[in-house]
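Chains as they are written, first to last, in numbering that gives the first Met the number 0: chain E, 0 to 232; chain D, 0 to 387.
FYI, nobody ran anything at the bench for these hints, they're computed from the structure.
Among these hints, one or two may not hold up.
[What the hints assert, rightly or not] Only part of the chain E face toward chain D is listed, based on derived beta-carbon distances under 8 Å:
#: 1; residue: Pro47
#: 2; residue: Pro65
#: 3; residue: Thr73
#: 4; residue: Ala100
#: 5; residue: Ala109
#: 6; residue: Leu116
#: 7; residue: Ile158
#: 8; residue: Val165
#: 9; residue: Asn168
#: 10; residue: Ser173
#: 11; residue: Asn189
#: 12; residue: Thr191
#: 13; residue: Tyr221
#: 14; residue: Asn232
We put the CB at the ideal spot given by N, CA and C, even for glycine.
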Amino acid sequence: MIIQFLLTAMFKKSTLFSITVIGILIMSLFIKDAFASSTSNFTQVINPGVLSVDIVDASYVTVGSPSVVFPATTFNFACQTNTSTFGTTTEQIYVKNPDAADNGWVMSIAGSATTALWTGTGSTYDFNDSTSSGCTDGVDADIVGGQMTVDASVSTLAIGSCASCVTTNITKGSSSSFVQGTTDSITLLNATSSSNDIGDWKLQGVSISQKIPAEQPAIADYALNMVVSIIAN
Amino acid sequence: MMLRRKKILLLLILISVFVSSFSNVFALEYGGIGGKPAFPDPNNSRTESIYIFTLEPKASKKDGLLVVNNTRDKKTLLLYATDSQRSSDGSFACAQLADEKKGVGNWISLEKSEVTLNAGTNTVVDFTITAPENPEVGEQNGCILIQEKTSSSSQGGVSLSFRTGVRVAVTIPGEQIRVLSLEKVDTTVKDNKIKSTVYVKSSGNVSIDTSVNITTESIFGAKTQVVDNQYPILRGELSTYNFDIPIDETGGFYRVISTISYDESASASIGINSPNPKKLISTSSDYVFIVPTINYLVMYIILIVTILILGGIFVKRLLFFQSVKKTWEKIPVTEDDNIQTIAQKYSISWKKIAQINKIKEPYTLKNGMSLLVPPRIRNTEKILKRSA
Chain E
0 MIIQFLLTAM FKKSTLFSIT VIGILIMSLF IKDAFASSTS NFTQVINPGV
50 LSVDIVDASY VTVGSPSVVF PATTFNFACQ TNTSTFGTTT EQIYVKNPDA
100 ADNGWVMSIA GSATTALWTG TGSTYDFNDS TSSGCTDGVD ADIVGGQMTV
150 DASVSTLAIG SCASCVTTNI TKGSSSSFVQ GTTDSITLLN ATSSSNDIGD
200 WKLQGVSISQ KIPAEQPAIA DYALNMVVSI IAN
Chain D
0 MMLRRKKILL LLILISVFVS SFSNVFALEY GGIGGKPAFP DPNNSRTESI
50 YIFTLEPKAS KKDGLLVVNN TRDKKTLLLY ATDSQRSSDG SFACAQLADE
100 KKGVGNWISL EKSEVTLNAG TNTVVDFTIT APENPEVGEQ NGCILIQEKT
150 SSSSQGGVSL SFRTGVRVAV TIPGEQIRVL SLEKVDTTVK DNKIKSTVYV
200 KSSGNVSIDT SVNITTESIF GAKTQVVDNQ YPILRGELST YNFDIPIDET
250 GGFYRVISTI SYDESASASI GINSPNPKKL ISTSSDYVFI VPTINYLVMY
300 IILIVTILIL GGIFVKRLLF FQSVKKTWEK IPVTEDDNIQ TIAQKYSISW
350 KKIAQINKIK EPYTLKNGMS LLVPPRIRNT EKILKRSA
C-alpha cells in the first residue's frame, strides 16, 4: 500500500501503467524460468586462453611503457661496459600459460631488427657487433661497434598468482651476446612439456650489459627497441 | 517535465540493476593477447598450439589463426608472418617484422595484417600457406605473430614490445633424416650446486622431440634422477640445455649422467611417435666435489675426531701388545707368589699382569704356572730411578 501510494504520488496514471507493464514483463521472464524447470539455466563463457608475456607491476597490473633504463655513464676514451637489469619488482616479466602450450614454450628477447642500433641525436652504436667483444665495428652493414649481452642465468624465476604451480621444468637461458646473423635471439626461459600446463610465472633480475665503443659521443637518451617473444613448442 | 524524466530514468536504472543482479551469464578470462591455431587436428594434440603442415612443392593449404584479446581494454593487434631463427641455446625463435623473409615467413599470406578486438573477444583470421617450386626436403619452420600496435617510444634505454608467436612447421616430403648426437655434458659447481649443460646436435632435416634425462651418481654409485624433460631439437642445430641440479646436503663427489632418447624412425613426426623403441644415447661428466652443509660438516668433523681417537687407542694397544710379545719374559710362579707381590717386584700394576696373562677374578695364581712379566733390565732401571 505504501509503495502504491509513493508511486501514485510520483507518476501519472498512464506512466505508472507503462512501468507496471514493463515490470510484469521482466518479472515474467524469471517466473517463466522458475516454473519451466526445477533447475536454473546458468551460462558461462570461457574465453580461449592464450600464451602471453607482459611486463607487470607487483600487483600484476600491466606497465604502460615498459623499458630497461641503463645508469648514466660518462664519455670515455676507452671502450666501456654499462650494465642494467631487466625485470624488477615494479616491472616484472610475466608469463601466462592458460593451457595453451602443453608441449612447453620458449621466451626470448631480440632487437626489433637485426640491423637495429642504439640511437641518440645524431649518433648511434650497435647492439650485435661481436668484433673486439663489441668495442669496434665489424663487417656488418653499419659503421658502428657495440654489443649487448643478456644473462638470464642470474635471474630469479618465481611462480605468479597460481599457488599450486612450480618452476621446475622451466630452465633459464645462459649468458649470451647478440651477434648479427648468428645470435639474433637470446633465450630467457625454456619450458618443457613437463612444466605446468596451466600456470603463471614472473621473472626478475635478468642481467643486460652493453659494450659502448670508445669515444662514443655524450648524448642523452640513446634508445633501442627490443622485442620479447613467447612461442609454443 | 524534467523532474518526471529524471524519475523515469531513475526507475529504468533501478530496473537495469535489478535485471543485471539476477543475470547468470558471465565470462571467465585469463588476461593477455595472443593467438593459436583455430582448427587443430583432433588426432594430433600438438596442433592445438602449433601449425603442422605437409606440403608438396607449389601446394597450398588454408587455415585460420584464432586471435584473442583477453585484456580489459580494446586492442589493435598486428598480425604478421616471419621466418624462424635459432635462439641462443638452439631453441625455436622467430625473426622480426623488419627482417627480410626468405623461408616459411614468405610462404604465408594472412588475410588481415591488423585486427581491432574489444576486451574479452576473439576472431579468426584466415591465411594461406603455399610451398615454393623447389623447397628443401625436410622440415622448414616459420612463425605467425600477434603483437599489439603501439606508437614508438622516444624515451632513453631499451623500449620493450611483446608478442606471442605460433610456430608453423612445414614438412616437404622426401627423405626424412632423424639423427641426433649427444655431444657432451659440461658440469661446474657454482654456489655449491651442480650446474650442468647438455649439448645435443641434430644432423637430420626435421625437428625431433627428444627426452633429456639427467641423473646424478655419487662416488659410491647411488643414482638419483633429477631431470626428465622433452625438448624439440630443431633441424641441423646444436641445442644446449642448462640445469641447476640439487644435491643432498651431505655433499661429496658426484658426476652427471645425461641420456637422450628419441624416435629415429622416419615414420615419426611432430606429435606422432612410431611403434619402434626409442634410441638411447648416454654420456657422463667428470666427478665434481660438493661441499656439505655446515650441519653435515660439523657432524663429519665429530665423526673423524672420534675415529681418530678410537684409532689412536687401538694402535697404542696394538703396539703395547706387540711389545709385550717381543720383550716380556715368562717366569714360573712359586708357592709364595701372588699377583700383587709379583707386580711389586716388577714395578707394574697387578691389573696389567692380570690383563696380559688373562687371569680372571679372584686373581689367584697356581703353583707351577708361568706368567709374562716385563724384562728385568727395564725393571731394575725403574727401581734405580725411583731410589735416586
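| message | Under 8 Å is the threshold here; is the Cβ of Thr191 of chain E close enough to any Cβ of chain D for the hint to stand? | response | Since the shortest Cβ distance to chain D is 4 Å, the answer is holds.
| field | Hint check: 8 Å Cβ-Cβ cutoff, Ser173 of chain E to chain D | value | Given a least distance of 5 Å, the restraint on Ser173 of chain E holds.
| Holds or violated: Ala100 of chain E as interface residue toward chain D, Cβ cutoff 8 Å? | Hint on Ala100 of chain E: holds, closest Cβ of chain D at ~5 Å, below 8 Å.
| task | Closer than 8 Å between Cβ atoms is the bar; does Leu116 of chain E clear it against chain D? Give me holds or violated. | result | violated, 12 Å
| message | Interface hint check: Tyr221 of chain E, Cβ to nearest Cβ on chain D, cutoff 8 Å. Holds or violated? | response | OK, holds: Tyr221 of chain E within 8 Å of chain D, min 6 Å.
| Against chain D, with CB atoms and a cut of 8 Å, does the hint on Ala109 of chain E hold up? | At 6 Å from the nearest chain D Cβ, Ala109 of chain E passes the 8 Å test, so the hint holds.
| query | Quick one, is the Thr73 of chain E hint okay against chain D at 8 Å, beta carbons? | reply | violated, 15 Å
| message | Take the shortest C-beta to C-beta distance between Ile158 of chain E and chain D; is it under 8 Å? | response | Interface hint status for Ile158 of chain E: violated (15 Å vs cutoff 8 Å).
| request: Let me know if the C-beta of Pro65 of chain E comes in closer than 8 Å to any C-beta of chain D, holds or violated. | output: At 5 Å from the nearest chain D Cβ, Pro65 of chain E passes the 8 Å test, so the hint holds.
| query | Given Asn168 of chain E as an interface hint, is the shortest Cβ-Cβ distance to chain D below 8 Å? | reply | holds, 6 Å
| task | Double-check Val165 of chain E for me: the hint is only fine if its C-beta lies closer than 8 Å to a C-beta in chain D. | result | Nearest chain D Cβ about 13 Å off; hint violated.
| request: Classify the hint on Asn232 of chain E as holds or violated, based on whether any CB of chain D lies nearer than 8 Å to its CB. | output: Result: holds, 5 Å to nearest chain D Cβ.
Hint compliance for this structure: hints 3, 6, 7, 8 are not met, and every other hint is.
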